[in-house]
Every structure is written in C-alpha cells, then in structure tokens.
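In order, the protein sequences belong to chains A and B. Residue numbers for the first sequence follow UniProt numbering, so the first one is 1 and each next one is one higher. Residue numbers for the second sequence follow UniProt numbering, so the first one is 1 and each next one is one higher.
It is possible that part of the hints are untrue.
[Stated by the list, open to error] DEER-style ranges, computed between Cβ atoms:
#1 B:Gly317 / A:Pro213: 52 to 62 Å
#2 A:Phe41 / B:Glu227: 29 to 39 Å
#3 A:Phe41 / B:Gly24: 43 to 53 Å
#4 A:Asp267 / B:Gln70: 18 to 28 Å
#5 B:Ala198 / A:Pro213: 22 to 32 Å
#6 B:Ala198 / A:Ala198: 18 to 28 Å
#7 B:Pro213 / A:Asn18: 50 to 60 Å
#8 A:Lys115 / B:Arg120: 40 to 50 Å
#9 B:Ser17 / A:Glu13: 27 to 37 Å
#10 A:Ala68 / B:Lys12: 29 to 39 Å
Worth flagging that the hints you see were computed from the coordinates, not collected in a lab. Every residue, glycine too, gets a C-beta built ideally from N, C-alpha and C.
2 protein chains.
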Amino acid sequence: MAQDQTTYLSAKESEPSNFNWMEGFPPSEERRLSVADGSFFDFPAIRWSVVHMREMLPTVPVSRGLAAPQDLPYELDQQIDSLTFTPWESNEPMTWEASLWENYTDGMIILHKGKVVYERYFSELTPDNVHAVMSLTKSFTGTLASVLVAEGKLDPEALVTKYVPELKNSAYADATVRQVMDMTTALAYSEDYADPNADVWQFSAAGNPLPKPKDYEGPVGYYEYLETIKKEGTHGEAFGYKTVNADALGWIISKVSGKSVNELLSDKIWSKIGAEQDAYYQVDALGTPFAGGGLSAGVRDLARFGELLRNQGNFNGEQIIPRAAVTDIQQGGSKAAFAKSGHPDLKGWSYRNMWWMTENADGAFAARGVHGQTVYVDPGAEMVIVRMASHPVAANAANDATSLPAYQAVADYLKSK
Amino acid sequence: MAQDQTTYLSAKESEPSNFNWMEGFPPSEERRLSVADGSFFDFPAIRWSVVHMREMLPTVPVSRGLAAPQDLPYELDQQIDSLTFTPWESNEPMTWEASLWENYTDGMIILHKGKVVYERYFSELTPDNVHAVMSLTKSFTGTLASVLVAEGKLDPEALVTKYVPELKNSAYADATVRQVMDMTTALAYSEDYADPNADVWQFSAAGNPLPKPKDYEGPVGYYEYLETIKKEGTHGEAFGYKTVNADALGWIISKVSGKSVNELLSDKIWSKIGAEQDAYYQVDALGTPFAGGGLSAGVRDLARFGELLRNQGNFNGEQIIPRAAVTDIQQGGSKAAFAKSGHPDLKGWSYRNMWWMTENADGAFAARGVHGQTVYVDPGAEMVIVRMASHPVAANAANDATSLPAYQAVADYLKSK
Numbered sequence: 001m002a003q004d005q006t007t008y009l010s011a012k013e014s015e016p017s018n019f020n021w022m023e024g025f026p027p028s029e030e031r032r033l034s035v036a037d038g039s040f041f042d043f044p045a046i047r048w049s050v051v052h053m054r055e056m057l058p059t060v061p062v063s064r065g066l067a068a069p070q071d072l073p074y075e076l077d078q079q080i081d082s083l084t085f086t087p088w089e090s091n092e093p094m095t096w097e098a099s100l101w102e103n104y105t106d107g108m109i110i111l112h113k114g115k116v117v118y119e120r121y122f123s124e125l126t127p128d129n130v131h132a133v134m135s136l137t138k139s140f141t142g143t144l145a146s147v148l149v150a151e152g153k154l155d156p157e158a159l160v161t162k163y164v165p166e167l168k169n170s171a172y173a174d175a176t177v178r179q180v181m182d183m184t185t186a187l188a189y190s191e192d193y194a195d196p197n198a199d200v201w202q203f204s205a206a207g208n209p210l211p212k213p214k215d216y217e218g219p220v221g222y223y224e225y226l227e228t229i230k231k232e233g234t235h236g237e238a239f240g241y242k243t244v245n246a247d248a249l250g251w252i253i254s255k256v257s258g259k260s261v262n263e264l265l266s267d268k269i270w271s272k273i274g275a276e277q278d279a280y281y282q283v284d285a286l287g288t289p290f291a292g293g294g295l296s297a298g299v300r301d302l303a304r305f306g307e308l309l310r311n312q313g314n315f316n317g318e319q320i321i322p323r324a325a326v327t328d329i330q331q332g333g334s335k336a337a338f339a340k341s342g343h344p345d346l347k348g349w350s351y352r353n354m355w356w357m358t359e360n361a362d363g364a365f366a367a368r369g370v371h372g373q374t375v376y377v378d379p380g381a382e383m384v385i386v387r388m389a390s391h392p393v394a395a396n397a398a399n400d401a402t403s404l405p406a407y408q409a410v411a412d413y414l415k416s417k
Numbered sequence: 001m002a003q004d005q006t007t008y009l010s011a012k013e014s015e016p017s018n019f020n021w022m023e024g025f026p027p028s029e030e031r032r033l034s035v036a037d038g039s040f041f042d043f044p045a046i047r048w049s050v051v052h053m054r055e056m057l058p059t060v061p062v063s064r065g066l067a068a069p070q071d072l073p074y075e076l077d078q079q080i081d082s083l084t085f086t087p088w089e090s091n092e093p094m095t096w097e098a099s100l101w102e103n104y105t106d107g108m109i110i111l112h113k114g115k116v117v118y119e120r121y122f123s124e125l126t127p128d129n130v131h132a133v134m135s136l137t138k139s140f141t142g143t144l145a146s147v148l149v150a151e152g153k154l155d156p157e158a159l160v161t162k163y164v165p166e167l168k169n170s171a172y173a174d175a176t177v178r179q180v181m182d183m184t185t186a187l188a189y190s191e192d193y194a195d196p197n198a199d200v201w202q203f204s205a206a207g208n209p210l211p212k213p214k215d216y217e218g219p220v221g222y223y224e225y226l227e228t229i230k231k232e233g234t235h236g237e238a239f240g241y242k243t244v245n246a247d248a249l250g251w252i253i254s255k256v257s258g259k260s261v262n263e264l265l266s267d268k269i270w271s272k273i274g275a276e277q278d279a280y281y282q283v284d285a286l287g288t289p290f291a292g293g294g295l296s297a298g299v300r301d302l303a304r305f306g307e308l309l310r311n312q313g314n315f316n317g318e319q320i321i322p323r324a325a326v327t328d329i330q331q332g333g334s335k336a337a338f339a340k341s342g343h344p345d346l347k348g349w350s351y352r353n354m355w356w357m358t359e360n361a362d363g364a365f366a367a368r369g370v371h372g373q374t375v376y377v378d379p380g381a382e383m384v385i386v387r388m389a390s391h392p393v394a395a396n397a398a399n400d401a402t403s404l405p406a407y408q409a410v411a412d413y414l415k416s417k
C-alpha cells in the first residue's frame, strides 16, 4: 500500500478548538467553512465538520421515536488504556490509548457482553451529538436489504431491474441483487478520489443538493446518475468496492418497501433499539438519502446497532430483526472474489451484504467508513467497538495498521477476563 | 383589514396526500419542490414543506439532551369539538372542529391545568415530527432575553451597541435593548411581503444559505444585513412589527451568553422540560440561526414550553427559568405604542419581550407566526393552546377571526368545568 508522505498536524494540534471553526457572532472570515468552496471537507477543518454535517447540508431524520432511550449498562475497565499491541509492519509496541491519538479518534466505545467497558470522546464529539459515519452507512443499507430478504420481500437472486426498471440501460441491467449487495458488479466506474477525472466526482455533482450551475447538463440526483453507469467486465467475479452499489441497493430497498431509506431504518431498527438520538442522512436535491455514505449518528446508538448484530437481531430480549438477516451476513462472502479487489492489507477477508468480513477466528465483521469510522463486531470476544474519527487520510489503509491489531488486543484481553 | 379575495383549495383539498409532494424514488417532475425556485413555499406545497424544512435547508439542532422525555398527562375531553363560538364580523356560529378545517390546522393540542384535554393532527403533521413555527420563533428569542435580564446578565436599558458594537452605524446605534425586545425601534425597513421591493427580500437574500449569485454585492448573513438598516423616526414611540428586531435580539443574547441561539435555547429550556424531540433552526451561510423565524419543533414540546410560561418558569415542580423572566413578559407592553401599529383587529393588545399580549381578563398572551402558528397561554383559564397550521394566507389577520374567539370559547368552557 502506497504511503501518504504528507506531514499532517497531529490529533492534538488539529483539534477544532485550536481554530474556532464557525465560532463567533458572526464567525470571522478565516473561521468560516463552506460546502460550496469545499473548505468544509479540508483537513483540519473536517475535524469540525464531521459533527456538523446538517449545519451545511439538507438532511432527513432517522427518527428514534418518542419513547425513553434504553440506557446501556456500564462496567468501565481502567485496564484497557494500557493494553499494548504491535502495529502492522512495526516492531514497536503501542498502547491502546496511544492508538486513539494516532488515529485522530473523535469517539470510542467498547461493549463487552453488552456492557460499556470503555468510552471516550475527543475533539468536537460528545455523547450528545452525532458524527458522520461516511461509508459505514453502506452496512446499514446492506443490513436493511438483508432484513427484506429474510422477510421474503426481496429476492437476492432476482435481477436488479425486477425492482428498479429504470436501470435497464445501465450496467445494472443484467446484475442480480446479490451481486449489488456483495459489490461484485462489474462497473466502468472509478472511485479514486485522488484522480480529478474519476467518475466519483460526477456522481458527487449529481448528488450535490445545491442548485446546479447554469451550464450543468449531467444527471440530477443519485438515482439519475446510476442510470448512466456502463458495464465493464463480468458481474459476479470480483469484489469491487464502489459506493454507487450502495445507492443502487438503497434504490432497490426503497422500491421494495415503499419507504425512503431513512424511514425504513427508523421503522426496522432505529426506533426499536432504545436509541438516544435521532440520526440523519444528507440528501440530494430530490430528497434522496445518500445510502452510500450520508448517515450521521451518535456513538452510543451505533454501539446499540452493533450489539443488535452481535446478538443476531435480538436486543434487550426482543427479536428486532430476523435472525436470518444476520446469519446471512455472518456466513460471509466469496474470499476469492475479495482477493481480486486490491486490498492487500486485508488478506483472507470477504464482503457480504455491505459488511467487511475479517473471516478471523472470532468471526469478526465490520462496517467501515473513510477517515476511520467503524462498527467492529467480534462475536467470539462478545465485543462491539465503535470508533468515530477524522483522520487526515481518507483511506482506511492509513489507520488499519494501528487499529485492527489494537481491536484484536482488546478482544483477546476481554476473552481472558 | 383588507380581505384576500383569492379562492384557495380547502384544507381537505390541499392536503399533501393529494399531491404526493417529493414522493417516489425519485419523485416525478411535478412532485418536486425546491428552495432555489421557490416552489417549496408555494401554496399548497407549503402544507408539505412546513414539516420538512430540514430536508431543503441546512439546520442546527436544539438538543433535548439524552434523558427520557417526561410524558404529559392526558384527560381528553370529547366535548371540545362541539363547542361553538361566533367568528368576528359574523352572525353564524361555528363549531370548534369546523374552525380547525377553516384554518388549515396541521396540529392542535390543548392543555388544561397541565393535562392534555385535546390533541389532533392533520395533513402532514404527526406527534413524532416537527413543524415550522415561523415567527413564533421570536417569542423564544424574547423569552431567552428575558431570562438573561432576570439573571442580571443583560441590561434592557443599555444601548444595543453595548453588546453588539458592530451595529454602531445602523438604526440600532441609539436604540436600547428594551426597544428591540418590544419592537419599538424606528427602522427604515418594510416587511410587506406583497411588495417585491420591500426590504424583507434583501434580508432574505442575505440570510439565504445557498451560494450567492456571482453578481451579488449585498450583505452576507443575517448579522451583516442588520448593520445596513437605517433609522426612520424616533425609537420608543410606536410598536413596529419587524422581524429584523428578533434577529438583532438573537445577536445580542448570543454576544451576552457566548452561545448561539440554538445552544442557549437547549441549555436554558429545551433540555429541561422533558421534551420528546430535538427542535432545530434553519441557518444562514455562516451558521447563524434565524432567530426571527427559523425554528421547527414538535407540537407537544411547544405545549411543554407554553406550560412552562403558564407556570411562571416552573415545570414539573422545578423552577427552570427565573419567575421574574415570565412576570416581566406578563406585565405587558405599552398599549399606546401598540395602538399606533396598524393591527386594528387586535384592539387593546400590547407587545412585550416578543410576545403578543391580549390584555384580556384572563391575562392571555401568545406567540404568533405566519400561516397560523400559535402558542396561546391563558393563565386565567389555566390553559395552553398550541396550533400549527399551513393557511394559504401568511398574515394571521386571515385566521384570527375564526381562531381567537374559538380559543376564548374553550377557555370559558374549561373555566366552567
């Protein structure tokens, strides 16, 4: 994996309190951030922006309902901070606590057997606000699809066009729902953020909720963009991580359920797990939630979601989503297809229903989003980790070396207790 | 008061379910609404939009905190629907229930002695979503100012420029905080929405969060606009209802408290009244909450706020805000100043701390917003009414004749129980 050689401000140096982004009445020029000029997403401003998405963008709520939140039980373990692990490609051991700073952590919670054993907040994040979860959003989309499959409402072997005929002239015309869920579609679509000509920028322009420039002639909204994607290769052969698949899946589950993704998430999960806070999605100009990366949610609520998965759909003694929806995730995807994908650091992994499957001895699987977001579910260790972060480098390859072995160290420690 | 002679679709005919605004994946062309082209605010689309502001606009939250909501006690009274009253300038009695349809009601709740005796939802509103409260927002701004006065942090007799020196070259240069709170400032500012050259449109352009047109040279953000307002007349003589005063007051209380208006509202009130839902404000491009009209909130939570006022700052046995903050509102404003304002239907009323004081025998006072929003607090009848609506005519003169006598009829009924 190519290393980014840029030198960035450290986690401490880059804290929003050192810059006072958007503070003051009104904020002075140098503190202002904007979506229109892109400053909102630049490092180190992004450390502020990840907990303020709605303040710059239109959003739709994921309602928790009106009932009382269900408190998570606490049994904090002071030993965890001093646990050590060896980062990949290193001989120097690192403490758990040091890894939090190394990875620009904004929030970290660890549940063991359903109890909170560790919880910390940094930078701009607090227990009572929400953080952009980036591509971790995809695992919500995949889980909802898995629920609809388990309920018999969605046939994973059917063609995508059975549910979304609008995609009949696109790459998705001869793809199955399963291939979308596992991202084995063959798409002429580049998601290389470092390439200014990559297709992802046209996708982003289509989904931008701001009024289009006068000379704009491209597709409007996420869905219209999906109709333009061409095929390249053969579906079903290789895992290819492309955000548009999550939006295609979002489209499919909305057509099947008659509900937008945010409503479906509220109905099926968010209103049933005792969530403390509403979550929300950013939307395009047509009100379509960004199913590939637009969710913001609270750390504890993400932990509740992870715990729901760890308990195979059961939460606080109630079966919230079908067990089969979770076992279908846990069976994993094709390791052969994954091996073709160019993730050399994630050897032996697979991808299933928009979850990253470690295929390790603990059966751990994860939702992952750029800049370090994760919900890491480790059934063997009866552990759930949620980390929100604002790492200067988007790709998780930049933080996996000091994250995945750290999670394993905590898992091993908890198993030994 | 001039009558609008336009014929509008009835409440039933104009329900969003007849138009399916923004429904479908994606919504078809004729169902789409947009802030950029103004369709979002047109009748009958506005009946949908009033509960979906955040989906088109950037917003900041008013956090309820993370604690369990405090349930309102219920003692529903089936008699209320059939109560009758005589609308102003009419000889025909009307039932309470008919008045709800007449006024394009979206939500109606009545509390008597703290118990819910009546609650109904229509159109697009449900108990678990929020509604734009329009200018009712001002009464929140005024209440927060009154709290800061009672806490000794804000001097109502001081000049505005003591707190906001940026206003030294504007009409506010020689105005007192009290004059802003009671809207007796003398401003060269027209808020006639029917006049395309009215100043309110420049205020609106300054506050629009969308990127400014390339040739735009006006002020950016609500605050910068306030600096441009010129004086016309003498401060303190006449009540002049001008939204900009509420934004000036929002600026003052932010400078005094060091908190944005949404944070201050959460800290002082919203997190302490057992609210069921977060509320939110729309913001300008600099993240400034629209203190003059940008709040959206749930009906029951607005009722909790009304009940807090009715109980002079006490809620569920706890003094949440100083009693003096409420008694200062309840003492009312200058009737003479009000009489000069051109509200012939509201004879004998006054205006104090951004509340409308009926000065009636019950000592009723109200927060009011265009299209029919109200929180109506009637201490004599131990009653709080919250009505959310989407009346086709903005000015409340269009609905007062079938609203204010209806509220009095319910008040009289409840007093007789």
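Hint check:
{"no.": "1", "hint": "B:Gly317 / A:Pro213: 52 to 62 Å", "result": "holds, 57 Å"}
{"no.": "2", "hint": "A:Phe41 / B:Glu227: 29 to 39 Å", "result": "holds, 30 Å"}
{"no.": "3", "hint": "A:Phe41 / B:Gly24: 43 to 53 Å", "result": "violated, 30 Å"}
{"no.": "4", "hint": "A:Asp267 / B:Gln70: 18 to 28 Å", "result": "holds, 25 Å"}
{"no.": "5", "hint": "B:Ala198 / A:Pro213: 22 to 32 Å", "result": "holds, 30 Å"}
{"no.": "6", "hint": "B:Ala198 / A:Ala198: 18 to 28 Å", "result": "violated, 47 Å"}
{"no.": "7", "hint": "B:Pro213 / A:Asn18: 50 to 60 Å", "result": "violated, 34 Å"}
{"no.": "8", "hint": "A:Lys115 / B:Arg120: 40 to 50 Å", "result": "holds, 43 Å"}
{"no.": "9", "hint": "B:Ser17 / A:Glu13: 27 to 37 Å", "result": "violated, 54 Å"}
{"no.": "10", "hint": "A:Ala68 / B:Lys12: 29 to 39 Å", "result": "holds, 36 Å"}
When each numbered hint is compared with the structure, violations occur for hints 3, 6, 7, 9.
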